[in-house]
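**Q** Using the sequences plus the hints, can you model the full thing?
Quick note, the sequences are listed as chains A and B, same order.
Per my numbering, the first sequence starts with residue 1, numbered consecutively.
Per my numbering, the second sequence starts with residue 1001, numbered consecutively.
One thing to keep in mind: the hints can contain errors.
To spell it out: a stretch of chain A is covered by chain B in this simulated footprint if at least three of its residues, at any positions, have a beta carbon under 8 Å from a beta carbon of chain B; those stretches are [unchecked claim]:
#, segment
1, 113-127
2, 149-160
3, 375-389
4, 409-417
5, 421-427
Bear in mind the hints are in silico, worked out from the structure with no lab data behind them.
The beta carbon of each residue, even a glycine, is placed where N, CA and C say it ideally should be.
Protein chains: 2
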Amino acid sequence: MTQQTTTKPAPTTDYTALISSLAKDARAAQMRLARMSDIEKAAALRSAAHALRAQKADILAANEKDMAAGRESGLTDALLDRLKLDEDRLEGIASAVEAVAGLPDPVGEVLSTDKRPNGLELSRVRVPVGVIGIIYESRPNVTIDAAVLCVRAGNAAILRGGSEAVHSNRALHAALAEGMAEKGVPEAAVQLMPTQEREAVGAMLKASGEIDMIVPRGGKGLVERVQNDARVPVLAHLDGICHTYIDASADPEMAREVAVNAKMRRTGICGAMETLLIDSDFANGEEVVSAILDAGCEVVGNEAAQALDSRISAAQASDWDTEYLEPKLSVAVVGGLDDALEHIARHSSGHTDVVISSDDKVTERFLNEVDSAIVMVNASSQFADGGEFGLGAEIGIATGRLHARGPVALEGLTTYKWQVRGTGQTRP
Amino acid sequence: MTQQTTTKPAPTTDYTALISSLAKDARAAQMRLARMSDIEKAAALRSAAHALRAQKADILAANEKDMAAGRESGLTDALLDRLKLDEDRLEGIASAVEAVAGLPDPVGEVLSTDKRPNGLELSRVRVPVGVIGIIYESRPNVTIDAAVLCVRAGNAAILRGGSEAVHSNRALHAALAEGMAEKGVPEAAVQLMPTQEREAVGAMLKASGEIDMIVPRGGKGLVERVQNDARVPVLAHLDGICHTYIDASADPEMAREVAVNAKMRRTGICGAMETLLIDSDFANGEEVVSAILDAGCEVVGNEAAQALDSRISAAQASDWDTEYLEPKLSVAVVGGLDDALEHIARHSSGHTDVVISSDDKVTERFLNEVDSAIVMVNASSQFADGGEFGLGAEIGIATGRLHARGPVALEGLTTYKWQVRGTGQTRP
Chain A
1 MTQQTTTKPA PTTDYTALIS SLAKDARAAQ MRLARMSDIE KAAALRSAAH
51 ALRAQKADIL AANEKDMAAG RESGLTDALL DRLKLDEDRL EGIASAVEAV
101 AGLPDPVGEV LSTDKRPNGL ELSRVRVPVG VIGIIYESRP NVTIDAAVLC
151 VRAGNAAILR GGSEAVHSNR ALHAALAEGM AEKGVPEAAV QLMPTQEREA
201 VGAMLKASGE IDMIVPRGGK GLVERVQNDA RVPVLAHLDG ICHTYIDASA
251 DPEMAREVAV NAKMRRTGIC GAMETLLIDS DFANGEEVVS AILDAGCEVV
301 GNEAAQALDS RISAAQASDW DTEYLEPKLS VAVVGGLDDA LEHIARHSSG
351 HTDVVISSDD KVTERFLNEV DSAIVMVNAS SQFADGGEFG LGAEIGIATG
401 RLHARGPVAL EGLTTYKWQV RGTGQTRP
Chain B
1001 MTQQTTTKPA PTTDYTALIS SLAKDARAAQ MRLARMSDIE KAAALRSAAH
1051 ALRAQKADIL AANEKDMAAG RESGLTDALL DRLKLDEDRL EGIASAVEAV
1101 AGLPDPVGEV LSTDKRPNGL ELSRVRVPVG VIGIIYESRP NVTIDAAVLC
1151 VRAGNAAILR GGSEAVHSNR ALHAALAEGM AEKGVPEAAV QLMPTQEREA
1201 VGAMLKASGE IDMIVPRGGK GLVERVQNDA RVPVLAHLDG ICHTYIDASA
1251 DPEMAREVAV NAKMRRTGIC GAMETLLIDS DFANGEEVVS AILDAGCEVV
1301 GNEAAQALDS RISAAQASDW DTEYLEPKLS VAVVGGLDDA LEHIARHSSG
1351 HTDVVISSDD KVTERFLNEV DSAIVMVNAS SQFADGGEFG LGAEIGIATG
1401 RLHARGPVAL EGLTTYKWQV RGTGQTRP
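**A** Written out as structure tokens, the structure reads:
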């Protein structure tokens, strides 16, 4: 690791050298960023929001280029919709930047202090992680959302977005960089990968010591590739196979409403319920599954579940490990809490699991024994979101166990250092 | 990840299956361990200390087997000394277990709480990391030291020690397991790898999702191999290239005493000073280097440093990046704080760096701008140690930036989960 800055090499196919050069510039910029105050960083982000609005015309024109190329190359409507920017969406992006500017700065927080018998004064102080690589698909908004979270916590970002959005990303990045530069943020604090070559992504993933953390933002394919190839620590979640367990003591109406919401509010998000577990002693299983079916959801189930409604077909073994991300649900009638806990332990992806119950013994056991990033009582799993958790924004939801778990916001983009103040102590 | 326990397969060369089986048993045991109270875990460790003392004869006999084989195979005296157990060392191991039993249990600590406008109550609660793999060399004490730290924080451990210590490790593990089992700790909470085959280590390193964290304990070769091959997160430090910068304002006597201690107290530990940076305006550089030379240390330096003492020979470029771990020191006379910060940024391994100064402006800049796990003012870098930091014990010192940094003790063997308590909330 070094602060030494080097000038970028001439166009090259040595992607390791390219990444190394980007990372060195990022490191130098990050060191300066780390010394900026809360107020200075917030002002820079507000200036960026201003620039995004001021350069609306350029950004939308660049996006139209991407949209035209996308239609040309036959992108699906869904992908085109992700790619599209308009005045409302751009305003949404700019307001989100202002919202992040308004979040408390985690850097400098003293996590613990101690004075040793020999007089040494120890403190653990929150510092930025450093240089963060963001690898994402063709959602131009991520270019801004991810970069501003990194900068708010004093990190430098290296962004590599999807090729379909390359013009949009360049225009958005130009506005962001210009706005932040006006308030003294070094240009290299946020860099856009200068090439779309996949080898450059590979080099990014291998740049341990130069890039401190990689955050993949996208579908399972992208995240899997990043997790498999990365030598740099990765903050990511792969699956959201979220369970809801309805205990015998559950309030029937609450169970119905929470279950329908957990599955159907939005079926495509990682916090959507994929498996419903119903205690065989719960008296109102029929009403719950029929409400879900009536809401337009396909339901597969185990034998006991199929007995609840004729519209339920038989689940395959693979269903219990499937993240549908669509209006489809697997339902199992189970023999109580222990069965439910065992099913969840075997099939949960460790993202979010929920119990509906009015029995404190059941809810406390569920909270303690389900080993997932988020465990909920009597609420919809669709609340699994940094904004809903009051974190202001999220860089992602982590299902790994180390560093940060669940919704990751500014705090997850920091680490700590030990500061030790002595008066000449030597160790005996 | 699954709680399902399976019985171990018959002796096999399918190391992936072997590790998978060990890890599944470990996971099931860890789930039970996680539900044991602070008092129960502490009692189990005290019982283990008792068993270690009670089985002294067996343990020392097993160790003598290893020692004999080691002499046979021509191990160096240094390696034989690491391998050797005697009554005193065994008593030291047992007392260390009791000390860990006396440490506060980090599990269950509530890290933060929040109540959302919609009534959802959030809390972040500290939980064990889960299943931890420890890979170490032929120091039998690590078998116990590492295992008890894992167990104290509610983790299961899979231990793979060096082949030269195999009999000692089995005897130590047997006593540990028997002592803990008497207090209800499942046998699989601490497992010794049943084979010494290197392929089994490779399978351990690849077992992501089954093993949550790997801690290598040993020399640079071991740590490098683990870091290169692991798909499981690794908590490790590679180098301890620790710097001490003597500022112009430093008290001469303090500078001399701290520098000599930082280098010479023990030259073989990762917190030992390897490079001394002296401000060209510091008036007493000669006295400091001559004291280090007189203490029996070889010194190499840059030109200006060589002018301080005729016994100083010229440093090679590689010296600035070398962890000597012996009575050898590289010295550079630098042009002040900024030069020192740049040198450290370029050459530090991010372990521990020290400034000797009586100028608060200098010390605060050093504390803030040196990007290492531990930054110290006016103290010997040899204090970089979990015990000296009041952590009671350490599993290692981490120079990575994520999860845990610097001395890692019980807290570094935990993570957190989000617990959300609702009253039927659905997301609009």
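**Q** According to a criterion of three or more residues whose C-beta lies within less than 8 Å of a C-beta of chain B, is the segment 421-427 of chain A covered?
**A** Result for this restraint: holds, n = 7.
**Q** The segment 409-417 of chain A covered by chain B? Criterion: 3 or more residues, Cβ-Cβ distance below 8 Å.
**A** holds (count 3)
**Q** Tell me if chain B covers the segment 149-160 of chain A under the three-residue, 8 Å CB rule, please?
**A** The restraint on the segment 149-160 of chain A is violated, since only 0 of its residues have a Cβ under 8 Å from chain B and three are required.
**Q** State whether the coverage of the segment 375-389 of chain A by chain B holds or is violated, taking the criterion as 3 or more residues with Cβ-Cβ distances under 8 Å.
**A** holds (count 10)
**Q** Check, residue by residue, whether the segment 113-127 of chain A contains three or more positions whose beta-carbon lies closer than 8 Å to a beta-carbon of chain B, and give the verdict.
**A** With 5 residues in contact (Cβ-Cβ under 8 Å with chain B), the coverage given for the segment 113-127 of chain A holds.
Going through the hint list in order, the structure does not satisfy hint 2, though it satisfies all others.
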